Structure formats: structure tokens, C-alpha cells
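Trainee: Each chain is listed here by its residues.
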Amino acid sequence: MVEDNMQKVINLASEIFNEEVKAWKEAGGRVIGYSCVMTPPELIQAAGFLPYRIRALGNVKTEKADSYLSRFNCSFCRSCLELGLDGTYDFLDGLVETNGCDHLRGMFENWQYAKKTEYFHYLKVPHVINENSLDYFEEEIRLFKESLEAYSGKKVDAESLARAAGEQEAVRERVRKIYSLRERELPAFSGFEATALVLVSSAISPQRFLELADQIITEREGGKIAYRGTRLMLCGAATDELELVKAIESLDGVIVTDSLCYGTRAYARIIDPQAMLSKPERTLAEAYLLDLLCPRMYEDYARRRDYVLKAVERSNVDGVIVMHNKFCDVHGVDNVQLRMDLERRGIPVLQLEKEYGSIADVGRIKTRVQAFLERIGVIESGGRL
Amino acid sequence: MAVLASNEAKTAGLFNRIARMLEIIENFPDEVSDEELEGVLAFLPKNVAPAIGAVLTGRARKAGLSFLKMIASSILGAKRASECGKKVLLIPFNCPPEILHAFDSAHPITSEVLSTLGVVALEGQGERYWDIAMGLGLPDHLCSANTIELGSVLGGNDFKPDAIVQTAPGGCDVNSKIHEFVANYHKIPQFILEKPVDDSPKGRELYLKYNRTLISRLEEFLDEELKEDKLRAVMEKANRCAELYHDLWDLHKESPCPVPNLFSLFTYGTRFTMWGTDEGVRTMEAMVETARKRLEERAYPAPKEVARMLWVYTSYYFDIANLFNWMEEKGYTHLGDGLDLFFPEPVDTSSLDSMIEGIVNAAWNMPMTRQVGGEVMSVSWSDDVIYAARELKADCAVYCGHHACKQTWSVVSILRNELMDRLGIPLLTLQGDSWIRRITPVGVIQKELDDFIKNVVASKKRRGRRKIADRRDK
Numbered sequence: 038m039v040e041d042n043m044q045k046v047i048n049l050a051s052e053i054f055n056e057e058v059k060a061w062k063e064a065g066g067r068v069i070g071y072s073c074v075m076t077p078p079e080l081i082q083a084a085g086f087l088p089y090r091i092r093a094l095g096n097v098k099t100e101k102a103d104s105y106l107s108r109f110n111c112s113f114c115r116s117c118l119e120l121g122l123d124g125t126y127d128f129l130d131g132l133v134e135t136n137g138c139d140h141l142r143g144m145f146e147n148w149q150y151a152k153k154t155e156y157f158h159y160l161k162v163p164h165v166i167n168e169n170s171l172d173y174f175e176e177e178i179r180l181f182k183e184s185l186e187a188y189s190g191k192k193v194d195a196e197s198l199a200r201a202a203g204e205q206e207a208v209r210e211r212v213r214k215i216y217s218l219r220e221r222e223l224p225a226f227s228g229f230e231a232t233a234l235v236l237v238s239s240a241i242s243p244q245r246f247l248e249l250a251d252q253i254i255t256e257r258e259g260g261k262i263a264y265r266g267t268r269l270m271l272c273g274a275a276t277d278e279l280e281l282v283k284a285i286e287s288l289d290g291v292i293v294t295d296s297l298c299y300g301t302r303a304y305a306r307i308i309d310p311q312a313m314l315s316k317p318e319r320t321l322a323e324a325y326l327l328d329l330l331c332p333r334m335y336e337d338y339a340r341r342r343d344y345v346l347k348a349v350e351r352s353n354v355d356g357v358i359v360m361h362n363k364f365c366d367v368h369g370v371d372n373v374q375l376r377m378d379l380e381r382r383g384i385p386v387l388q389l390e391k392e393y394g395s396i397a398d399v400g401r402i403k404t405r406v407q408a409f410l411e412r413i414g415v416i417e418s419g420g421r422l
Numbered sequence: 215m216a217v218l219a220s221n222e223a224k225t226a227g228l229f230n231r232i233a234r235m236l237e238i239i240e241n242f243p244d245e246v247s248d249e250e251l252e253g254v255l256a257f258l259p260k261n262v263a264p265a266i267g268a269v270l271t272g273r274a275r276k277a278g279l280s281f282l283k284m285i286a287s288s289i290l291g292a293k294r295a296s297e298c299g300k301k302v303l304l305i306p307f308n309c310p311p312e313i314l315h316a317f318d319s320a321h322p323i324t325s326e327v328l329s330t331l332g333v334v335a336l337e338g339q340g341e342r343y344w345d346i347a348m349g350l351g352l353p354d355h356l357c358s359a360n361t362i363e364l365g366s367v368l369g370g371n372d373f374k375p376d377a378i379v380q381t382a383p384g385g386c387d388v389n390s391k392i393h394e395f396v397a398n399y400h401k402i403p404q405f406i407l408e409k410p411v412d413d414s415p416k417g418r419e420l421y422l423k424y425n426r427t428l429i430s431r432l433e434e435f436l437d438e439e440l441k442e443d444k445l446r447a448v449m450e451k452a453n454r455c456a457e458l459y460h461d462l463w464d465l466h467k468e469s470p471c472p473v474p475n476l477f478s479l480f481t482y483g484t485r486f487t488m489w490g491t492d493e494g495v496r497t498m499e500a501m502v503e504t505a506r507k508r509l510e511e512r513a514y515p516a517p518k519e520v521a522r523m524l525w526v527y528t529s530y531y532f533d534i535a536n537l538f539n540w541m542e543e544k545g546y547t548h549l550g551d552g553l554d555l556f557f558p559e560p561v562d563t564s565s566l567d568s569m570i571e572g573i574v575n576a577a578w579n580m581p582m583t584r585q586v587g588g589e590v591m592s593v594s595w596s597d598d599v600i601y602a603a604r605e606l607k608a609d610c611a612v613y614c615g616h617h618a619c620k621q622t623w624s625v626v627s628i629l630r631n632e633l634m635d636r637l638g639i640p641l642l643t644l645q646g647d648s649w650i651r652r653i654t655p656v657g658v659i660q661k662e663l664d665d666f667i668k669n670v671v672a673s674k675k676r677r678g679r680r681k682i683a684d685r686r687d688k
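Chains as they are written, first to last, in this note's numbering: chain A, 38 to 422; chain B, 215 to 688.
Don't read these hints as lab results, they were simulated from the structure. No experiment lies behind these values; they were computed from the predicted model shown. One thing to keep in mind: the hints can contain errors.
Unchecked claim - Reference excerpt, derived from the structure (chain B facing chain A, CB under 10 Å, subset only):
#1 G291
#2 Y399
#3 I402
#4 D461
#5 L465
#6 S469
#7 S592
#8 C619
#9 Q621
Stated by the list, open to error - For lysine-lysine, the following DSS-like pairs were computed, each having C-alpha atoms within a straight-line distance of at most 30 Å:
#10 B/K518 / B/K276
#11 B/K283 / B/K293
#12 B/K283 / B/K423
#13 B/K416 / B/K300
#14 A/K403 / A/K261
#15 B/K416 / A/K192
#16 A/K214 / A/K192
#17 B/K544 / B/K674
#18 B/K300 / B/K260
#19 B/K518 / B/K300
#20 B/K283 / A/K101
#21 B/K416 / A/K191
#22 A/K316 / B/K544
#23 A/K153 / B/K260
#24 A/K59 / A/K261
#25 A/K101 / B/K661
#26 B/K518 / B/K661
#27 A/K363 / B/K293
#28 B/K401 / B/K423
#29 A/K347 / B/K374
#30 A/K152 / B/K276
#31 A/K191 / A/K101
#32 A/K347 / A/K363
#33 B/K374 / B/K444
#34 A/K153 / A/K214
#35 A/K316 / B/K661
By construction, the Cβ of each residue, glycine as well, lies at the ideal position given by its N, Cα and C atoms.
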């Protein structure tokens, strides 16, 4: 029944208000939405809510959002805002804003301006790492916890926080396991499947995800996917577009690893649940600030580059695709630097700018990827192996 | 100006070309007659002469000359810095330069001012430097305000700063990222000052700590301790500049407005470069003196003041003659733009600590930092614009829609609603690039402004201003 489980994951990943969230809501549960990898879902979970990572799943309609944000704002944020305004996200009882980037800030401000949620909290995350910023972020985590306590009407004690942290760490550990199976010589997962698993990991309860993930890992550990030799790495911004990943992989390539916001960057950190018993805020602050591999951080480029280089080596990657959504400045600039540094080391790179979710863009991207594969000599001219 | 037509000029960097031009301007007398100006303009390339002519137009000439000489002092000071044992630090416009003026061994120059000078005063308007950046694969949604200058640095055939002080994180992603890219590309030391997006005392405290760290790192880099006496001398001049800023602010309230439109640009040009220096004080004094004289004479460039416009963020700079001067000759007063909204406060000069706290406060209040670097950018930006519009008796507002400005674009719809709800003032939203003429021709901008004034502002005035209470003030 392995494929049934994988298919179930794909179905869950393809729907925003998925059946697991519906069941949670029907049982009287409340859901808190967040968008950035610097938001600790442990806290939301410990307060008794379902943490749900906001995504747009390739939604291309942005008419309502465009009357708030502009065409000069990233289409991922416009897509998410659209879903907030058109009622798709009405199941969210609350939102957590982070200052991830200028577009994201605008998205949350407009969302709150046009349609207030019952609960709203702004978690402010520093752009640099030092003792002062760490102390500040620790205090921010404490304020976030207090705000959740006020909304839930109950204290978040150390035990429940450690329990939630243990479950969230188990989720991350399973995703890391899935990535290790994906990155091996004979991959057990396609990029499409891995992306679906990552998306589901932050859209259902941790317990349910662990059940599904364990069954799928057991089945896939000894197997391999149909795979014809081209190993790609995908780097860049918010990429929750399953169809895009599928389209790239339709060209005789498989994405064996990534450095994506909806990918490994969300799962790299390791948190010891025991540490949550003694100094929970500090532990979370260190985990979520020190391990934040995002181009919105300054004086930290070398670490992001090295993370990619290690993944390239570990996964035996033939070429790297770096992508950013049009108007995304943080990735748009970082990607140029990354391209230069990778090429300097002889690693082939395809740098792409795209419109989020655009079906028209998928065709263009496929053409560019095919040309890239031909250029790096993995496939012959004409697209044949 | 034969030097500009030479082959060398065709490959030279922006800074070096600007510096050559300013070496000529440096030697201008303090007073220039119409005939002398005509003679100078005749030598300039045809797409440069109108801009210089606009800056030195009769009604603004004294201040314009003072401004140009101040800018010459800033840029040539950087060029000659190494001869004087100084290091040149490149800063973005939201970095208060007075902290760097207080070091004997530092000389600040400002990316956006250099870009603007290139656009205003160089043949080709700096577009070739933008193209260098694009040629490296950098995205076309970068901000031309700094990428024109930084493109020249990236090109490698130009003056290179000794370090970059980067104060945009928290306020602007695109500004922060391109400066970081240039620093990494050329291995130029970079000093970061983040603005926490937190208006609470906790955010202020963190910002003070960050500033103190920055000062320590600069002291180490420059091998010079920040001296109380030197800082006091700078801050006293900064305080004088602040006084003059408020004098000019009050003069803007008069109708017809006695302050020439271009003084908006001169004011923030001073703030971003020579605030806290003798040259800065002289330029601010020249502006106030000119405006006072014009008030006495009831002088205004048009038969009547048709509209009082507040530009809510940047203006357009690629054709200042056909924007700033054209507007006032049509009776459209430019009351200033968002970059003028830095509301300087007098700094207590009694001790080193009080002065550092004053500078930190000034940094917090720099344009962009204060508004879109605020906790909720739509709120802090709207509050400032609405305050300025009310104080300066604006009857309309214009958002220039500089396409790279993602933060303001992301909340301008909120600003538009708030301006209408709280003051009954319409906002015109344009689209273009403030520094590159390739995107929107100035003729289109003029037509949009004309149509807006004629169809919205003037007809609204005829109907009488709507009485809409300011709900937030209640």
C-alpha cells in the first residue's frame, strides 16, 4: 500500500484546506498560519494550536491581491494574499507575521488591513547574528509565547513545550531521512515526491505526518525511483509549486536535493527537546536564528554558499538550478553571487527568474532547463539521453 | 568640457567623471551672472546643460551654487582623501554622515547621491553603469538609485571605497543586498547597521547597542578613537542644520510657496552628505535666505499657485528641469518628498554619550528607516505623510512609483486610503524609474500630472474640500 500512502501525501500537499486540517477544525481545533522558516511551530503546537505553514501551491489568480499589493511585488506573496482575501484561508484563526522580506511584510500588513484574523502576532527577527541580536530574539520568542498563552487562555509549561519540540524535531528528522534517501546514488524519491512530503510536514499534525512518513520511508528505503542519470539541485526562494518541480523532472532529470525555503532550509536545524525544559526561549532563539540559512540575513553569505557546496558534493549533483521569483531582491541578488561562486568551482549553474505559478512560465522554464541539460552534456541535443 | 568628450571619458567610471566636472564647479565664483551662466551652459553636453541650468536658475541660483560647491567638497574630498591619510566610506542615503565627519580619518560618500549626480550631470546619464550591473546577471528590479553608482564600482574602472557602511537592513532589502554584493565582489570591508523593525523601547535599545558596536568597529578600522570635542563641533553644526531645516519647513507653509521646488532635493542632498559641516550649514542658510527673500517679495514663478503637491516618497531625477522647474512654472508647488521627512531634532552636546544617543535618534529618523523601516510600515509611512500634508497644507499627493521600491509599493494602497479617509487628499500613483529615463518619458509624467491637477485636484478645490474628520486623531 506504499503508493497509496505516497498518493495520499500528494493529495494532501495539493490542497490548502486539506482533509486533515478539516478534521482538526471539525474537532474544535484552532489553526495558526505562519509563513517563514524562522517561526517556531513548537510554540504554536505547545499552546494547543495546529501550526500551518502558509503556501500558495502555484495559485495564479491575484486580482484581489493586486488591488492591495502591486505588480512590483513578488507573485508568491500576491498569490498568498489572494488566498487570504478570497476566503481560502478562512480556516486560519490566527496569523504570525515575520519580517522575512519587504514583500512579505506588505503581504501581512495588507492582509490585516483588509481582513483581520482573530489572533495576530508579529515575530520580529534580526537580520544579523551576534550576542545582542540573539538576546533580542530570545525576548521576542518569550513575547510570542505569552501572546499565544493569552490567546489560548492557558500557560505553556516546560513539559508541553518539550513534548511539542520533540514531535517537531521528529518531523524534521524524518524529512532529513527522506532527503538522505533522495540524495543517495539511487534515489528513493523524486523531487516532486520530496516536495510533496515537505509541504505536508507543515500542513497537518506532527503525529499524523510521522505515521505517514514512517510508512513511506519503510517502503522506499529498499527501493529506487525510475531515474536516468541527471542529478540536479534546486536553490532559491519559496518554491511550493509541485507542478513546476514535476515539469523540470519531466526532462530526464531528477532533483536530488535543494536549498529551498520549502525544502531543506526548513529542516536543517536540530533541537534537543531536553534543552527546552531548562531554557526554552534561548534554545529556540539559538535554533531559529543561528541556523537560519536565508539570504535576508547579512554577513552570512559564506555559510549559505558552503551549505550549497556541501549538498552538491554529498548528492553528487550534475548541475544546479538557482531560481527566484520576479522582484524577489534577496534571492535575486544572492543567486548571482552563488552562480559566480559555483561556476568558479566548475559546477554548472542555470540561473532563472520566474513568475510564481505562471503556467506560461513553466513552458519557458522547461526550454531553459532542457538547454541547460544539453549544455552540461548530460543529455544530447534534441533532449534524448 | 572637452574632457568629457575624450575617449577616456567613454570608459571612465562614474565617480571619476563626476569628480572632473566638480573640479570645474569648485572654481566657480560665489556669484554667477546670467551671461556667465549662459557661457558655461554652452560648453556642456546637450543632455546635461538643462539640468545644470535648472539648478542655477535665477530664483535658486545662490542656493544652487552653494549646493553644487558643497557636493564638490564631498566628492572631491573623497578623491583627495588618501592624500590626507583618510579612508573613504561608502554609505547609503539613510546613514547619518555626521558620525563619519566626526572622525579625522574618515570621509563619507553616498551611493544614491553619486547615482543622482551621474544621472543629472553626465552625458549618457549613468545608464552605462546600470548596464554593467545587468551584464553580471543582476536582476533588473534592483534600485537604480544605488545600482548606477555601484555598477560603476563593479565595472572596476572607477574609484573604489575603502569600506562600505551599510545601514539599510531593516529598511530596504534591495539597497542592503546590492551593497552587500559589491562588498563581497570586490572584497571591500562592510559594516552593517541593522534597524530593528520594532518601535518599542526594546527595539530602540537594540538599535543603540548596534550603533555602539558600529562605532567600535569603525574606531578599530580607522585606528582612531571617536573624540568628544570633534564630535561636539560636528554636532553643533548638525544642530544648526536642523534649525535651518525647520525654518525652511515653516516657509513651505506659505502660499504661494516661497521655497523653490528644487530645494527639496537640495535639502536631502545636504542631509545625505555634508550635514554637520560648514558647507552643509552654508547651503541650508542659502536656501532659507532665498526663501525668506522670496516671501518678502511674494515671488512665485507662475501667475498663481495652482496646486500644492506632496510627493510621498522619491521624485524623478532624470530630468529635473522638466520636472521640478516645469512644475513650479505651471503653478504646481513641490512641497518636498518622502526623503525630506527626517524631522531632525537638536542633539544634546553635553557629553559623548548624549551625542551618540542623539546620532542614534537621528539615524532612527532618517528617511526610509523611519517610515518603511518602522514596525508597521504602512502606519509609520502614512502617519508621516499625513502629518506633512496637513502641516504644509498640501491639496494633493503624488507617489512616483519607482519600480524598485518594493516596500512602498506593497503598502501604497493603504497610504492612498488613509490620505483620503483622514485628510480627503487624493494620491496620484505614477509608474517609472526615478533615475532612469528609459522606463517612463518625462512628457508622460508631465501629462499625468497635468491631467491629475486639472481633473481631480482643481475640480475638487472648486467643490470645496471634503470635511472628513481625522478618525485617528480623535
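Trainee: Evaluate each hint against the coordinates.
Mentor: Here's how the hints hold up against the structure:
1. The beta carbon of B/G291 comes no nearer than 28 Å to any beta carbon in chain A, farther than 10 Å, and the hint placing it at the interface is violated.
2. Satisfaction of the interface hint for B/Y399 is found here, the shortest Cβ-Cβ separation to chain A being roughly 8 Å, below the 10 Å cut-off.
3. For B/I402, the interface hint is violated, since its Cβ never comes within 10 Å of a Cβ in chain A; the closest pair sits about 13 Å apart.
4. Interface restraint check for B/D461: the shortest CB-CB distance to chain A comes to about 35 Å, outside 10 Å, so the restraint is violated.
5. At about 35 Å, the closest approach between the beta carbon of B/L465 and any beta carbon in chain A exceeds 10 Å, and the interface hint on this residue is violated.
6. Because the beta carbon of B/S469 sits about 33 Å from the nearest beta carbon in chain A, more than 10 Å, this interface hint is broken.
7. Given hint, B/S592 at the interface with chain A, holds; its Cβ is 5 Å from that chain's nearest Cβ, closer than 10 Å.
8. At its closest, the beta carbon of B/C619 sits 8 Å from a beta carbon of chain A; the interface hint therefore holds under the 10 Å criterion.
9. Checking B/Q621 against chain A by beta carbon gives a least distance of about 4 Å; that is within 10 Å, so the hint holds.
10. Annotation: proposed proximity of B/K518 to B/K276 holds, straight-line Cα distance about 24 Å (limit 30 Å).
11. For the given pair, B/K283 sits about 15 Å from B/K293 by alpha-carbon distance, which is consistent with the 30 Å threshold.
12. For the hint pairing B/K283 with B/K423, the CA-to-CA distance comes to about 36 Å; that exceeds 30 Å, so the pair is violated.
13. The hinted pair formed by B/K416 and B/K300 fails the criterion: a straight-line CA distance of about 36 Å is larger than 30 Å.
14. Our distance criterion of 30 Å between C-alpha atoms is met by A/K403 and A/K261, whose separation comes to about 25 Å.
15. For the hint linking B/K416 to A/K192, the alpha-carbon distance of about 24 Å falls within 30 Å, and the restraint holds.
16. As the CA atoms of A/K214 and A/K192 are separated by approximately 34 Å, the hinted pair breaks the 30 Å bound.
17. Straight-line distance between C-alpha atoms of B/K544 and B/K674 comes to about 18 Å, which keeps the hinted pair within the 30 Å bound.
18. With a C-alpha separation of about 36 Å, the suggested pairing of B/K300 with B/K260 is violated against the 30 Å cut-off.
19. As the CA atoms of B/K518 and B/K300 are separated by approximately 50 Å, the hinted pair breaks the 30 Å bound.
20. Taking the CA atoms of B/K283 and A/K101, the gap is about 50 Å. The hint is violated against a cut of 30 Å.
21. Only pairs whose Cα atoms come within 30 Å are accepted, and B/K416 paired with A/K191 is accepted, the gap being roughly 26 Å.
22. For the given pair, A/K316 sits about 66 Å from B/K544 by alpha-carbon distance, which is inconsistent with the 30 Å threshold.
23. A threshold of 30 Å between alpha carbons decides the hint, and for A/K153 with B/K260 the separation of about 55 Å lies outside it, so the pair is violated.
24. As the CA atoms of A/K59 and A/K261 are separated by approximately 33 Å, the hinted pair breaks the 30 Å bound.
25. Between A/K101 and B/K661, the direct Cα distance comes to roughly 29 Å. Compliance with the 30 Å bound is thereby established for this hinted pair.
26. About 19 Å separates the Cα atoms of B/K518 and B/K661, which keeps this hinted pair within 30 Å; it holds.
27. Taking the CA atoms of A/K363 and B/K293, the gap is near 38 Å; set against the 30 Å cutoff, the hint is violated.
28. Distance check on the hinted pair: B/K401 and B/K423 sit about 26 Å apart at the alpha-carbon level, within 30 Å; holds.
29. For a cut-off of 30 Å, the pair hint linking A/K347 to B/K374 is broken: about 33 Å separates their Cα positions.
30. Simply put, A/K152 and B/K276 have alpha-carbon atoms about 53 Å apart, too far for the 30 Å limit, and the pair is violated.
31. Distance hint between A/K191 and A/K101 is unfulfilled; the C-alpha atoms sit about 37 Å from each other, more than 30 Å.
32. Proposed proximity of A/K347 and A/K363 is supported: the alpha carbons are some 27 Å apart, at most 30 Å.
33. Proximity of B/K374 to B/K444 is assessed by CA-CA distance (about 27 Å); at most 30 Å being required, the pair is judged to hold.
34. Under the criterion of a C-alpha separation no larger than 30 Å, the hint pairing A/K153 with A/K214 is inconsistent with the structure, at around 39 Å.
35. With a CA separation close to 63 Å, the supplied pair A/K316 and B/K661 exceeds the 30 Å bound.
Hints 1, 3, 4, 5, 6, 12, 13, 16, 18, 19, 20, 22, 23, 24, 27, 29, 30, 31, 34 and 35 from the earlier list are contradicted by this structure; the remaining hints agree with it.
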